Structure formats: C-alpha cells, structure tokens
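Heads up: the sequence lines are chains A and B, in that order.
Each number in this note's numbering comes from the position in the first sequence (counting from 1) with 18 added on.
Each number in this note's numbering comes from the position in the second sequence (counting from 1) with 18 added on.
None of these hints come from the bench; they were simulated from the model.
Quick caveat, the model's predicted, so the values are computed rather than measured.
A couple of the hints might just be wrong.
All copies of an identical chain are treated as equivalent in the list; a pair is satisfied when it fits inside any one copy or across any two copies.
[To be verified] Simulated crosslink set (SDA-like; lysine to any residue; CA at most 20 Å straight-line):
| hint | residue 1 | residue 2 |
| --- | --- | --- |
| 1 | Lys83 | Arg155 |
| 2 | Lys83 | Asn55 |
| 3 | Lys83 | Pro113 |
| 4 | Lys83 | Val151 |
| 5 | Lys83 | Ser116 |
| 6 | Lys83 | Asn120 |
| 7 | Lys83 | Tyr100 |
| 8 | Lys83 | His118 |
| 9 | Lys83 | Ala47 |
| 10 | Lys83 | Thr152 |
| 11 | Lys83 | Ile34 |
| 12 | Lys83 | Ala130 |
| 13 | Lys83 | Ser60 |
| 14 | Lys83 | Val32 |
| 15 | Lys83 | Arg115 |
There are 2 protein chains.
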Amino acid sequence: MGSITRMPSEPQPVSILPVSECWELLAGAPIGRLVTNFEGESNIFPVNFAVQNRTVLFRTAEGTKLVASAVSREVLFEADGYSDREGWSVIVRGPARSLHTNEEIAEAEEAALLPWTNPDDKSHYVRIRPVNVTGRRFFFRDAIAR
Amino acid sequence: MGSITRMPSEPQPVSILPVSECWELLAGAPIGRLVTNFEGESNIFPVNFAVQNRTVLFRTAEGTKLVASAVSREVLFEADGYSDREGWSVIVRGPARSLHTNEEIAEAEEAALLPWTNPDDKSHYVRIRPVNVTGRRFFFRDAIAR
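Make a model of the complete structure from these sequences and hints.
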C-alpha cells in the first residue's frame, strides 16, 4: 500500500478551511441540512438556522420525526454554497439537545431565528453543540451549470 | 391518539410535490448531498450530479471514504433550492452501485456529467436507483435573510 507524494503543479482542487472560516460561512448560510441516524435509519431535514456562540440553533414543531430522531443524539449538520467556479461545504458533528428551561429559551430567542413557515407550529428549539467542525472549499475545473 | 382535521384558512406552509416535479427540480439542481450510513456512522458529502432516466449519477475518486461508505448500500440523496419566499427539498432513497462494465460506463458518459475538480481524480461512477422519492415545497412566512 505504498503512496507517492506528488507536488501539485497547479492549485489543489480542494482546500481544508480553518474552523474560524467554517463558522463565518455557517453564519452567512440561511439554510442547512440536519442528518439524523436513529434505529439504523438515516434521515435528512433541511432547516433554517442560526449560529450562536459556535453552536447551531434551529426551531421545529413538537412531535415531529425530526425531534424524535435528533434530540439527545449525535447528529450531522451541513451547509454549503457555491458560485459557478467554486463551492464550500461545512459539516458539524455533535449532540443535539432540546431547550426546556426559561433561561435556555431566553438565550435562544436572542438569536432572532425565523421559522420557515408558521411560527405557531415551530415552538421547539434544538441546539447542536459541535464536537467536530470541518470545512472544505472546492475549485471547479469547469464552470458548473446553474 | 385522536386527530382533528383542520380546514386551512390560508395556504398550507408545506406542500408535498408530485414525483414528476421532484425529478424536474433534481434535474435543475447542480449540487446535491449524499448521505451514507456505514458501520453506525452517518456521513454527508456534497456532490455534483446528473439525473439520467430517473436515476442519480455522480462521479468520485476511487478509494475514497465516499465510495467505501456508499457503494452497494442504501443511501439518501438530497437537493434543495430556495428564494427569499419559498424553498423546495427533494430526497431520494435507494441503493448506490458502482458502474464497472463498458456498457454501464458508456451509458453514464452520455449524461455528460462534469466532475467538480480534477477530472483525472474522478474516475468512478456511482448510480443511485431510487426506491423512494419525496419532495416538499415550503412557503416562508417571513423572507429569510440571504
């Protein structure tokens, strides 16, 4: 299983982002995707979200599949963005927790997070406290079709 | 566990998309996200992709974590898009397979799928044959920040 170190003759097509840049990119992304793994089944849920003190905060309705599969479990959260020449993706991994105490909810309200649809249906805050944050930037060789 | 059928007094904030519309939306999306579940660990990989005969086709490098965790397994694939007032998300579930025969690869080449980065590193075609396709459209109550 030998490996050969090659000196790149042109810019590398993928670069690893520093964690501070990952958080800046996340903070500017309106939409992310929550990935849960519950009872052997993966699910993915697009959510709007806010970044607060290097955590990811979102709202959802009580009693949903999302809440059942996410809360008190390790989840993934991904956001990305792209132009026609480059793209980025940031992936957060960590436990998700429902917020219950008045203090927790008051803190979350400060993020001024908008729900996607009807605010009356989105009464449940969930916060992901990352144990791992990774980000990459991709440089496209050919402009991608939009 | 009774349920009450409520007549909506305004447009419902989420609508379920017909499968034909799901495929139209997928075909117009340049980027999607592959979710794998391998040995109890979920991973998510942004990929560019093509739709071909109601399958999802993408390329990747040999020997990657993506190939190890995706091939010959059930995967999820998600694409989405949004304006400031509405969004959509389509989720495909099905087995992923590497393409090996000349015939399979010739068929895949017809999709004219561009690799994201260096084409020399993206020699491996993977095709997802969905067993399930679901799509939703979300109507935002408040314009989301971009």
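Consistency of the hints with the structure:
no., hint, result
1, Lys83 x Arg155, "between (32 Å within a copy, 18 Å between copies)"
2, Lys83 x Asn55, "both (12 Å within a copy, 18 Å between copies)"
3, Lys83 x Pro113, "within (17 Å within a copy, 23 Å between copies)"
4, Lys83 x Val151, "between (25 Å within a copy, 17 Å between copies)"
5, Lys83 x Ser116, "within (14 Å within a copy, 31 Å between copies)"
6, Lys83 x Asn120, "neither (24 Å within a copy, 42 Å between copies)"
7, Lys83 x Tyr100, "neither (30 Å within a copy, 23 Å between copies)"
8, Lys83 x His118, "within (19 Å within a copy, 38 Å between copies)"
9, Lys83 x Ala47, "neither (24 Å within a copy, 26 Å between copies)"
10, Lys83 x Thr152, "between (27 Å within a copy, 15 Å between copies)"
11, Lys83 x Ile34, "between (33 Å within a copy, 16 Å between copies)"
12, Lys83 x Ala130, "neither (24 Å within a copy, 37 Å between copies)"
13, Lys83 x Ser60, "both (12 Å within a copy, 17 Å between copies)"
14, Lys83 x Val32, "between (35 Å within a copy, 15 Å between copies)"
15, Lys83 x Arg115, "within (15 Å within a copy, 28 Å between copies)"
Consistency with the previously given hints fails for numbers 6, 7, 9 and 12, ordered from lowest to highest.
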